Amino acid sequence: MKYTTLFFDLDDTILDTVQNSKDALQELYTDYKFDNYFSDFNSFYSKYQTINLHLWDLYEQNQIEKDRLMSERFAKTLEEYKSINKDESLEINYDFMGRVSNRKNIINGAIEILDYLQPKYKMYVVSNGFTEVQDKKICNAGVGNYFKKVILSDHVGKNKPHPIIFNYALQEAGVSSSDCIMIGDNIKTDIIGAKNSGIDQVWFNPKGLKDNDNISPNYTIESLDQLRDIL
Numbered sequence: 001m002k003y004t005t006l007f008f009d010l011d012d013t014i015l016d017t018v019q020n021s022k023d024a025l026q027e028l029y030t031d032y033k034f035d036n037y038f039s040d041f042n043s044f045y046s047k048y049q050t051i052n053l054h055l056w057d058l059y060e061q062n063q064i065e066k067d068r069l070m071s072e073r074f075a076k077t078l079e080e081y082k083s084i085n086k087d088e089s090l091e092i093n094y095d096f097m098g099r100v101s102n103r104k105n106i107i108n109g110a111i112e113i114l115d116y117l118q119p120k121y122k123m124y125v126v127s128n129g130f131t132e133v134q135d136k137k138i139c140n141a142g143v144g145n146y147f148k149k150v151i152l153s154d155h156v157g158k159n160k161p162h163p164i165i166f167n168y169a170l171q172e173a174g175v176s177s178s179d180c181i182m183i184g185d186n187i188k189t190d191i192i193g194a195k196n197s198g199i200d201q202v203w204f205n206p207k208g209l210k211d212n213d214n215i216s217p218n219y220t221i222e223s224l225d226q227l228r229d230i231l
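According to the UniProt record's numbering, the sequence shown is numbered sequentially starting from 1.
One or more of the hints may lead you astray.
Said to hold, decoys possible - With a cut-off of at most 20 Å between alpha-carbon atoms, the simulated SDA-like pairs for lysine to any residue come out as follows:
hint: 1; residue 1: K104; residue 2: L58
hint: 2; residue 1: K195; residue 2: N167
hint: 3; residue 1: K33; residue 2: D23
hint: 4; residue 1: K76; residue 2: L58
Claimed, not checked - If you anchor each label on the Cβ, the simulated ranges turn out as follows:
hint: 5; residue 1: P163; residue 2: N36; range: 41 to 51 Å
hint: 6; residue 1: T4; residue 2: D35; range: 47 to 57 Å
hint: 7; residue 1: N105; residue 2: Y219; range: 31 to 41 Å
hint: 8; residue 1: E80; residue 2: K148; range: 42 to 52 Å
hint: 9; residue 1: Y37; residue 2: D87; range: 39 to 49 Å
hint: 10; residue 1: N196; residue 2: D35; range: 41 to 51 Å
hint: 11; residue 1: D115; residue 2: E80; range: 41 to 51 Å
hint: 12; residue 1: I215; residue 2: K158; range: 16 to 26 Å
hint: 13; residue 1: N36; residue 2: H155; range: 48 to 58 Å
hint: 14; residue 1: Y219; residue 2: Q118; range: 14 to 24 Å
hint: 15; residue 1: D87; residue 2: P119; range: 43 to 53 Å
hint: 16; residue 1: N36; residue 2: S178; range: 52 to 62 Å
hint: 17; residue 1: D115; residue 2: I215; range: 21 to 31 Å
hint: 18; residue 1: S176; residue 2: D87; range: 18 to 28 Å
Read the hints as simulated data drawn from the structure, not as lab findings. Remember, it's a predicted structure, so these values are computed and weren't measured experimentally. Yeah, the Cβ is synthetic: ideal placement off N, Cα and C, and Gly gets one too.
Between the sequences and the hints, there should be enough to build the whole structure, so can you do that?
Printed below as a string of structure tokens:
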């Protein structure tokens, strides 16, 4: 067996974070009466997604701190219609994060593949998610028992794709880079980060996106069940 250890991304690799977030945002839209500012939920959601993804991109490049991400994503979404201060924005943000962490949607086939892999490998989560919610999300989704440890960029001080978080994960697992493989959906953070750290990679690509930058992961799969062909 070539590998002894598996590093898994969490959001949208194991947990269906896109759907969980959308469900939570739908609740916020109703409870905070955002329909006073937007024609419908889809308009609000589209605006939020554009801003949130941009802020996450900056955060993952270590260009902004997480406090700015959390304080700005709702403030900027609403700024054309309603001026809210930092405290109000953070209040909405923490409400949102709490609702997301209580959601239990997981990626199709995740439990089945984790059941298959657990007897054969040591498995770790390596995530850029926030300490405030990741542990709760893992617990509520019922996947915590599959992993030896959850390694968060919050704890390490650097986000994927920075080599520091991957080197930290290797040290925690007590393995060399040749002993493990990274499985994740984000080609910029999971795949490039692992590749630059000498770790093999599986790009989980359920949407069939093009590898436009010629990253050339070791493996590409469109469903988690295809890991059976690799591991």
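Open item on the list: The hint says 31 to 41 Å between N105 and Y219; measuring C-beta to C-beta, is that right?
Closed with: About 25 Å separates the Cβ atoms of N105 and Y219, which means 31 to 41 Å is violated.
TODO: Given the range 14 to 24 Å, decide if the beta-carbon distance of Y219 to Q118 lies inside it.
DONE: 20 Å Cβ-Cβ, so the 14 to 24 Å window holds.
TODO: Indicate whether the distance between the beta carbons of D115 and E80 respects the range 41 to 51 Å.
DONE: holds (47 Å)
Open item on the list: Range first: 48 to 58 Å. Now tell me if the beta carbons of N36 and H155 are that far apart.
Closed with: Cβ of N36 to Cβ of H155: about 40 Å, so the range 48 to 58 Å is violated.
Open item on the list: Hinted pair, alpha-carbon criterion (20 Å max): K104, L58. Please report holds or violated.
Closed with: Cα-Cα ~28 Å, so violated.
TODO: Confirm or reject the claim that D87 and P119 have a C-beta distance inside 43 to 53 Å.
DONE: Given range 43 to 53 Å: holds, Cβ gap about 49 Å.
TODO: Sort out whether D23 lies within 20 Å of K33, counting only the CA atoms.
DONE: holds (15 Å)
Open item on the list: Tell me if the beta carbons of T4 and D35 are separated by a distance inside 47 to 57 Å.
Closed with: Holds, since T4 and D35 (Cβ atoms, about 52 Å apart) stay within the stated range.
Task: Holds or violated: K195 to N167, with C-alpha atoms at most 20 Å apart - done: holds (12 Å)
Open item on the list: Tell me if the beta carbons of E80 and K148 are separated by a distance inside 42 to 52 Å.
Closed with: The hinted range 42 to 52 Å holds for E80 and K148, with Cβ atoms some 46 Å apart.
Open item on the list: A range of 18 to 28 Å was offered for this pair. Does it hold for the Cβ distance of S176 and D87?
Closed with: Given range 18 to 28 Å: violated, Cβ gap about 47 Å.
Task: Beta-carbon spacing of D115 to I215 - inside the hinted bounds 21 to 31 Å or not - done: Holds: the Cβ-Cβ distance is about 30 Å, inside 21 to 31 Å.
Checked against the numbered hints listed earlier, the structure breaks hints 1, 7, 9, 13, 18; every other hint is satisfied.
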